[in-house]
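Student: Going by the UniProt record's numbering, the sequence shown wraps up at 191, each residue one higher than the last.
Treat the hints with care, as some may be off.
[To be verified] In silico lysine-lysine, BS3-like type, Cα no more than 27 Å apart, as pairs:
{"no.": "1", "residue 1": "Lys101", "residue 2": "Lys111"}
{"no.": "2", "residue 1": "Lys101", "residue 2": "Lys177"}
{"no.": "3", "residue 1": "Lys106", "residue 2": "Lys177"}
{"no.": "4", "residue 1": "Lys177", "residue 2": "Lys111"}
{"no.": "5", "residue 1": "Lys109", "residue 2": "Lys177"}
Simulated from the structure, these hints should not be mistaken for lab results.
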Amino acid sequence: MPAEYGIDPTGVGSVTGLKRMGEIKMALADEAAAEAQAIATAINSSLADSSIEPDSPVETNPAIPEVSQADASQQTIAGENESMATRNDAMEVLLAPGVGKEIKVKLAKGKIVQYSWQSEGGIANFDVHGDSVALDIDYHNYSRGAEHSSSGELEAAFDGNHGWFWRNRTDSPIVVKIQTSGEYTDIFLVE
């Protein structure tokens, strides 16, 4: 059935919910393919880089707030200077094997947040997306894949929450560190 693959020419899949199930199925397939490609790339690059020690302990930077699983499910991190229109923040999250977490910023439509993140200890599957309760938008995809790091600009397609979800598909814990700068009003962790 086309709806099984996220295609719905008749509209029946939307009514029955099969189209959404197909979209989820295709997103998971894309994530698995990106993960396989990233793992292959990482294996090739780690063979070339003998300085990587997989069992070395993760060092934390005291200047960056560490977010643990014991923290509340949603935590607000204050910006360096809230009186300015541009904020600058740095956060890190610890991802146990199989665990996913996300960090979001509140952005108005057309506003931009610049970001740079990197994972230590393994490749992180990521999904950059947005949502808005006020506009009844559950999910708006910007990009996804599996990488050690990523940077760029995210321009808000609408007023709402926009951010990064990471999942650890490795057998070891990884730490993801992100730095953001932009005209967002809030930044928070969602577990």
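Student: Each of the hints needs a verdict: does it hold here or not?
Tutor: Status of each hint after checking the structure:
1. For the proposed pair Lys101 and Lys111, the alpha carbon gap of about 24 Å is at most 27 Å, so the pair holds.
2. For a cut-off of 27 Å, the pair hint linking Lys101 to Lys177 stands: about 12 Å separates their Cα positions.
3. Distance restraint check for Lys106 and Lys177: the Cα-Cα separation of roughly 19 Å lies within the 27 Å cut-off, and the hinted pair is therefore satisfied.
4. In summary, the hint linking Lys177 to Lys111 is supported, as the alpha carbons are separated by about 22 Å, within the 27 Å threshold.
5. Proposed proximity of Lys109 and Lys177 is supported: the alpha carbons are some 26 Å apart, at most 27 Å.
Hint compliance for this structure: no hint is broken.
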